[in-house]
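S.K.: The lines below spell out each chain.
Protein chains: 2
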Amino acid sequence: MENLIRFGGKFFDELEIAVYRSRDVSASVELNEISMASSRSGAVTVIRGIKDKRLGLAVIDSDEPERIREAIEQAAKMAKLNSPDENWVSLPEPEEYRRKVKPNYELKDVSPDALVEKLVRGIKLAREKDENLIVAGGEGGVGWEESRILNSHGIDISQEGGAAFFFLEFVGRKKGIVTPGIFDFDARRNLNLDVEGVVERAVQKVRWAYNVEKSRNEEVPVILGPWAIAGLLSYALFPAFSGERLIKGTTPLADRTGERIASEVLTIYDDPFHPLAIEPIIADGEGVPTRKNVLIEKGIFKSFVWDNYWGRIHGTGSTGNGKRDTGSGGVNIGFHSMVIEKGNRTLEDVVGEIKRGYLVDGFQGAHSSNPDNGNFAVTANPAFLIEDGEVKGASVFLIAGNIYDILKEASEVTREQTVMPFMTTMITPHVKFENVRIAGK
Amino acid sequence: MENLIRFGGKFFDELEIAVYRSRDVSASVELNEISMASSRSGAVTVIRGIKDKRLGLAVIDSDEPERIREAIEQAAKMAKLNSPDENWVSLPEPEEYRRKVKPNYELKDVSPDALVEKLVRGIKLAREKDENLIVAGGEGGVGWEESRILNSHGIDISQEGGAAFFFLEFVGRKKGIVTPGIFDFDARRNLNLDVEGVVERAVQKVRWAYNVEKSRNEEVPVILGPWAIAGLLSYALFPAFSGERLIKGTTPLADRTGERIASEVLTIYDDPFHPLAIEPIIADGEGVPTRKNVLIEKGIFKSFVWDNYWGRIHGTGSTGNGKRDTGSGGVNIGFHSMVIEKGNRTLEDVVGEIKRGYLVDGFQGAHSSNPDNGNFAVTANPAFLIEDGEVKGASVFLIAGNIYDILKEASEVTREQTVMPFMTTMITPHVKFENVRIAGK
Numbered sequence: 002m003e004n005l006i007r008f009g010g011k012f013f014d015e016l017e018i019a020v021y022r023s024r025d026v027s028a029s030v031e032l033n034e035i036s037m038a039s040s041r042s043g044a045v046t047v048i049r050g051i052k053d054k055r056l057g058l059a060v061i062d063s064d065e066p067e068r069i070r071e072a073i074e075q076a077a078k079m080a081k082l083n084s085p086d087e088n089w090v091s092l093p094e095p096e097e098y099r100r101k102v103k104p105n106y107e108l109k110d111v112s113p114d115a116l117v118e119k120l121v122r123g124i125k126l127a128r129e130k131d132e133n134l135i136v137a138g139g140e141g142g143v144g145w146e147e148s149r150i151l152n153s154h155g156i157d158i159s160q161e162g163g164a165a166f167f168f169l170e171f172v173g174r175k176k177g178i179v180t181p182g183i184f185d186f187d188a189r190r191n192l193n194l195d196v197e198g199v200v201e202r203a204v205q206k207v208r209w210a211y212n213v214e215k216s217r218n219e220e221v222p223v224i225l226g227p228w229a230i231a232g233l234l235s236y237a238l239f240p241a242f243s244g245e246r247l248i249k250g251t252t253p254l255a256d257r258t259g260e261r262i263a264s265e266v267l268t269i270y271d272d273p274f275h276p277l278a279i280e281p282i283i284a285d286g287e288g289v290p291t292r293k294n295v296l297i298e299k300g301i302f303k304s305f306v307w308d309n310y311w312g313r314i315h316g317t318g319s320t321g322n323g324k325r326d327t328g329s330g331g332v333n334i335g336f337h338s339m340v341i342e343k344g345n346r347t348l349e350d351v352v353g354e355i356k357r358g359y360l361v362d363g364f365q366g367a368h369s370s371n372p373d374n375g376n377f378a379v380t381a382n383p384a385f386l387i388e389d390g391e392v393k394g395a396s397v398f399l400i401a402g403n404i405y406d407i408l409k410e411a412s413e414v415t416r417e418q419t420v421m422p423f424m425t426t427m428i429t430p431h432v433k434f435e436n437v438r439i440a441g442k
Numbered sequence: 002m003e004n005l006i007r008f009g010g011k012f013f014d015e016l017e018i019a020v021y022r023s024r025d026v027s028a029s030v031e032l033n034e035i036s037m038a039s040s041r042s043g044a045v046t047v048i049r050g051i052k053d054k055r056l057g058l059a060v061i062d063s064d065e066p067e068r069i070r071e072a073i074e075q076a077a078k079m080a081k082l083n084s085p086d087e088n089w090v091s092l093p094e095p096e097e098y099r100r101k102v103k104p105n106y107e108l109k110d111v112s113p114d115a116l117v118e119k120l121v122r123g124i125k126l127a128r129e130k131d132e133n134l135i136v137a138g139g140e141g142g143v144g145w146e147e148s149r150i151l152n153s154h155g156i157d158i159s160q161e162g163g164a165a166f167f168f169l170e171f172v173g174r175k176k177g178i179v180t181p182g183i184f185d186f187d188a189r190r191n192l193n194l195d196v197e198g199v200v201e202r203a204v205q206k207v208r209w210a211y212n213v214e215k216s217r218n219e220e221v222p223v224i225l226g227p228w229a230i231a232g233l234l235s236y237a238l239f240p241a242f243s244g245e246r247l248i249k250g251t252t253p254l255a256d257r258t259g260e261r262i263a264s265e266v267l268t269i270y271d272d273p274f275h276p277l278a279i280e281p282i283i284a285d286g287e288g289v290p291t292r293k294n295v296l297i298e299k300g301i302f303k304s305f306v307w308d309n310y311w312g313r314i315h316g317t318g319s320t321g322n323g324k325r326d327t328g329s330g331g332v333n334i335g336f337h338s339m340v341i342e343k344g345n346r347t348l349e350d351v352v353g354e355i356k357r358g359y360l361v362d363g364f365q366g367a368h369s370s371n372p373d374n375g376n377f378a379v380t381a382n383p384a385f386l387i388e389d390g391e392v393k394g395a396s397v398f399l400i401a402g403n404i405y406d407i408l409k410e411a412s413e414v415t416r417e418q419t420v421m422p423f424m425t426t427m428i429t430p431h432v433k434f435e436n437v438r439i440a441g442k
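Chains as they are written, first to last, in our numbering: chain A, 2 to 442; chain B, 2 to 442.
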C-alpha cells in the first residue's frame with residue numbers, strides 16, 4: 002500500500018487510499034417462515050487525490066494493487082478535468098489514536114445457520130405465546146468489516162470488527178382487529194442476541210394493540226421509545242449539528258453555542274467507545290481519531306461536529322466525524338454512536354405516574370422533517386394510550402411541531418438504554434415529554 | 002452448472018439456480034465538477050429449492066461452483082426448518098423463447114472516462130448557454146449484465162446485454178430567484194447518449210423557471226411529462242396490474258377486465274422488445290419467456306400480469322413478469338418496459354392550444370400513493386404555467402385525487418416518446434389530461 006501512495010505521488014500533491022473489506026451474513030423471515038439466507042463479502046477501495054486543489058475521486062470494488070493503481074490513474078484524469086476547489090486546505094495529518102477495542106472474532110466467520118436458528122426460535126416462541134400472531138417479517142444479520150486508511154501525510158490505520166443485529170415484526174389478528182406491524186430488535190458485538198427479550202417485548206405490544214382506543218385532540222405527556230426517538234431525531238435534529246450546515250447557513254443552531262436548546266434532563270453525545278456501541282472505531286473514514294463529542298449537555302448546546310474538509314475550512318479541524326460512504330466514495334459529516342444519557346427510574350415507574358398520555362413506539366413520516374428549522378409532522382404508530390398509569394390500548398395520532406419546542410418539554414429519561422442499529426445508530430432510554438399537542442385520527 | 006442441478010437433486014424435488022454477473026461503471030457530478038468515477042463488478046447466485054413444498058432460498062455473491070454447492074446445502078437446511086407452503090405448485094417448465102436481440106458489446110468494457118467526458122461536455126455546454134446556471138448534480142452510467150437461469154425441469158437460458166444512461170440536474174439563480182432542481186435524461190442501448198438534447202431541454206426549463214407564477218385553485222388541462230408520468234403511475238397505478246394483488250384482494254381492478262378504466266387515447270403495455278427498450282430480455286428472472294402484455298387498450302383494462310408462483314396458483318401461469326431481486330433473492334411481479342402508445346401531434350402543438358393550464362415535469366410525494374384504491378396526493382414541481390399556448394413561468398401546486406378519475410380525463414398523447422430509466426422503466430409520450438383540479442400553493 003505504501004508504494005501505491007508513492008506511485009500516486011507522480012499525479013497528486015496529496016493522496017488518500019481507503020480500503021474496506023466486508024462480510025455480511027443474514028437470514029430473513031416472511032410470514033412465519035425463513036424466506037432467505039444470504040452470505041456476501043466484498044472489497045471496495047476509494048482513491049481521493051488532490052492536485053493543485055483539483056479533486057479526483059475513484060471507487061473500485063477490489064483491493065488488488067493492480068486495480069488500485071488503475072483507480073489512481075482514473076482519479077488523476079478526473080482531477081485534471083475539474084476546476085480547483087479554492088476552499089481546499091489539506092487531507093488530515095497523523096494524530097494519536099486511543100487503544101483499539103478487541104474485536105470479537107467469533108463474528109468473523111459466522112454461518113447464516115446461526116441466524117436461521119435464532120429466527121426459527123423467535124418465531125416458535127412468539128407463536129407459542131400468542132397463537133393469533135403472525136411473524137410478518139424479521140431479519141438477523143452479522144456484519145464484519147476490515148478497513149485500512151492511508152494518506153500521503155503518513156496516516157496509516159487498520160481496524161476490524163463486527164456486530165450482530167436481530168429484529169422481528171409481528172402482526173396480531175383477533176376479533177376483527179388487525180394490529181399495525183409491531184417491531185422489536187437487539188444489536189450487540191456478540192452473537193448472544195436477546196431473542197427471548199425481543200419476543201417478550203413485541204408480544205406485550207401486540208397484546209396492548211388488540212384493544213384499539215380512539216385518539217382525540219389534546220395536550221398530554223408522551224413517552225417516546227427508542228425507535229420513535231431515533232426516527233424523529235435522525236431527521237429533525239441531528240443534521241443541525243453538522244459543521245457543513247453551519248458554514249452553509251442551513252442550521253438553526255448557528256450562534257447558539259452555550260444556549261439552552263433542550264430541557265436539562267437531556268444530555269446527548271456521540272461516543273463510539275460507549276460500552277453498548279456496536280462499532281467502537283478509533284479512527285473515522287479519513288483516519289482522524291474519533292472522540293466523545295458532547296452535543297447537548299443538560300440542555301445546553303455545546304458544539305458542532307466536523308469532518309476534515311469542512312473542519313479545516315472552519316479552522317477548527319475535524320472532530321473525527323468524517324463518515325465514508327462506500328457507495329459514492331464521498332466523506333460526509335455523520336455520527337458513530339449517538340447516546341442519550343440515561344436516568345434513574347424504570348419505564349414502568351414513569352408510565353405508572355401518567356394519568357392520561359401516550360407511549361409512542363414508532364413514527365411514520367419522520368424522514369420528511371426539515372432540519373433547517375426543526376419542523377416536523379409525523380404519525381405516531383404504533384402508539385399506546387396510557388390511563389391511570391397503565392397502557393389501555395393502541396391509538397394512532399399526528400404530532401406536528403418543532404423539535405426545539407419539544408426538546409424543552411423533556412421531563413425524564415428512563416434507566417434502561419436500548420441500542421438502535423437503524424437510521425443513526427443510537428443508544429437511548431425512553432424519554433418523556435410534557436404538554437405534547439396531538440391531533441387525533 | 003448442470004451437475005450442480007444434479008447435486009441439488011439429493012436435497013430437493015425441484016431446484017433453480019440463477020447466476021447474475023454485472024459490471025457497472027459510472028461518473029457523477031456535484032456543483033459543476035466531476036465528483037466521482039466508479040467501476041464495479043460482481044456476481045450473485047440465487048438458489049431456490051423446494052422439498053415437500055418447503056422452500057429454501059440462499060443468496061451468495063459468487064459464481065464459483067464450490068460456493069454454489071455450499072449455497073445449495075444452505076438452502077436445503079433452511080427448507081427443512083420451514084413449514085410446507087400448501088399453495089406451491091411447481092417451478093416453470095421450458096417453453097420456446099423469441100430470438101435474442103444482439104447485445105451491443107461496445108458497452109461491455111466501457112471505461113468511466115467515456116462517461117466523465119460526456120458529463121464534462123454537458124457541464125460546459127450548459128454553462129455556456131446560461132451563466133446563471135449551476136449543474137447541481139448528474140450521473141452517467143453504463144450497466145452490463147450476464148445471467149444464466151437453470152432449473153431441474155430443463156430450463157437453461159443465458160442472456161447478456163447492457164444499457165447506458167445519463168442525467169443532469171440544473172439550478173438557475175437570477176434576480177433573487179432560485180429555481181427548483183430541473184432534470185433531464187437519456188437512456189439507450191449504445192453510448193451515443195444525447196448530451197446536447199439533455200442540456201437543451203433542461204436549459205429551456207430553467208429559462209421558464211426564472212419567471213415564477215403563483216398558482217391558484219382551479220380546474221385546468223394539465224400535460225404530464227415522462228418523469229411525472231413514471232412517478233405517478235409507478236406508485237398509484239402499475240401495482241394494481243399485479244396478479245398477486247388480485248389473489249390477495251388488494252387491487253381495485255378485480256373483476257374489471259374488459260371494462261373502461263381510462264380514456265380511449267390511452268394504450269399501455271409492457272414490452273421488452275419495443276425498439277427503445279433498454280433491456281430487451283427474452284426470459285424473465287425465472288426463465289419464463291417474456292412477451293408483450295397489454296394492460297390497457299384504448300382505455301379498456303385487458304389483463305393482469307403474473308410471475309410463476311402466483312400465476313400457477315391462479316391457474317393461468319406466468320406472463321413472464323417474474324422479476325428477480327438480486328438483493329433478497331426473491332422473485333416479485335414486475336414490469337420490463339412499460340410503454341404508453343404515442344399519438345400524432347407534437348408537444349408543441351398540444352401546448353399551443355391550451356388557453357390556461359400546466360405542463361408538469363415532476364411530482365414529489367408520488368411514492369405515498371395508495372395502489373389499493375388509486376388515491377394519491379402529490380406536489381407538482383417543477384411545473385410550468387401555460388397561457389395562450391405559451392409557457393409563462395414556473396409554479397408549484399398540489400394535485401390530490403384518484404388515478405382512475407384522472408385516467409378517464411386523458412385527451413391526447415404526443416408524438417415523441419421518451420425512455421425513463423428510473424422507477425418503473427417506461428417509454429412514454431407527454432399525456433394531456435382535461436379538468437384536473439389543482440390546489441394552488
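Worth double-checking, as some hints may not be accurate.
Copies of the same chain look alike in the list, so a pair counts if it fits in one copy or across any two.
[Unchecked claim] Derived pair list, reagent style DSS-like, types lysine-lysine, alpha-carbon separation capped at 27 Å:
{"hint": "1", "residue 1": "Lys249", "residue 2": "Lys175"}
{"hint": "2", "residue 1": "Lys249", "residue 2": "Lys78"}
{"hint": "3", "residue 1": "Lys175", "residue 2": "Lys409"}
{"hint": "4", "residue 1": "Lys393", "residue 2": "Lys356"}
{"hint": "5", "residue 1": "Lys442", "residue 2": "Lys409"}
{"hint": "6", "residue 1": "Lys78", "residue 2": "Lys109"}
{"hint": "7", "residue 1": "Lys303", "residue 2": "Lys343"}
{"hint": "8", "residue 1": "Lys78", "residue 2": "Lys125"}
For the record, the hints were derived by calculation from the structure and aren't laboratory data.
S.K.: How do lysine 393 and lysine 356 come out at 27 Å by Cα distance, when the copy is not named: within, between, both, or neither?
M.R.: within (12 Å within a copy, 58 Å between copies)
S.K.: Measure nothing new, just compare the shortest in-copy and cross-copy C-alpha distances for lysine 249 and lysine 78 to 27 Å and report within, between, both or neither.
M.R.: neither (30 Å within a copy, 54 Å between copies)
S.K.: First find the shortest C-alpha distance between lysine 175 and lysine 409 inside one copy, then the shortest across copies, and answer within, between, both or neither for a cut-off of 27 Å.
M.R.: Neither way: lysine 175 and lysine 409 sit 40 Å apart in one copy and 40 Å across, limit 27 Å.
S.K.: If the cut is 27 Å between Cα atoms, do lysine 78 and lysine 109 qualify within a copy, between copies, both or neither?
M.R.: This pair counts as between: shortest inter-copy Cα distance 21 Å, intra-copy 38 Å.
S.K.: Between lysine 249 and lysine 175, at a C-alpha cutoff of 27 Å, which is it: within one copy, between copies, both, or neither?
M.R.: The answer is between: 19 Å across copies meets 27 Å, while 53 Å in one copy does not.
S.K.: Which holds for lysine 303 with lysine 343 at a C-alpha limit of 27 Å: within a copy, between copies, both or neither?
M.R.: within (18 Å within a copy, 60 Å between copies)
S.K.: Is it within a copy, between copies, both, or neither that the alpha carbon of lysine 78 lies no farther than 27 Å from that of lysine 125?
M.R.: between (57 Å within a copy, 17 Å between copies)
S.K.: Are the CA atoms of lysine 442 and lysine 409 at most 27 Å apart within a copy, between copies, both, or neither?
M.R.: Answer is within; shortest intra-copy Cα gap is 26 Å, inter-copy 32 Å.
Checked against the numbered hints above, the structure violates hints 2 and 3; every other hint is satisfied.
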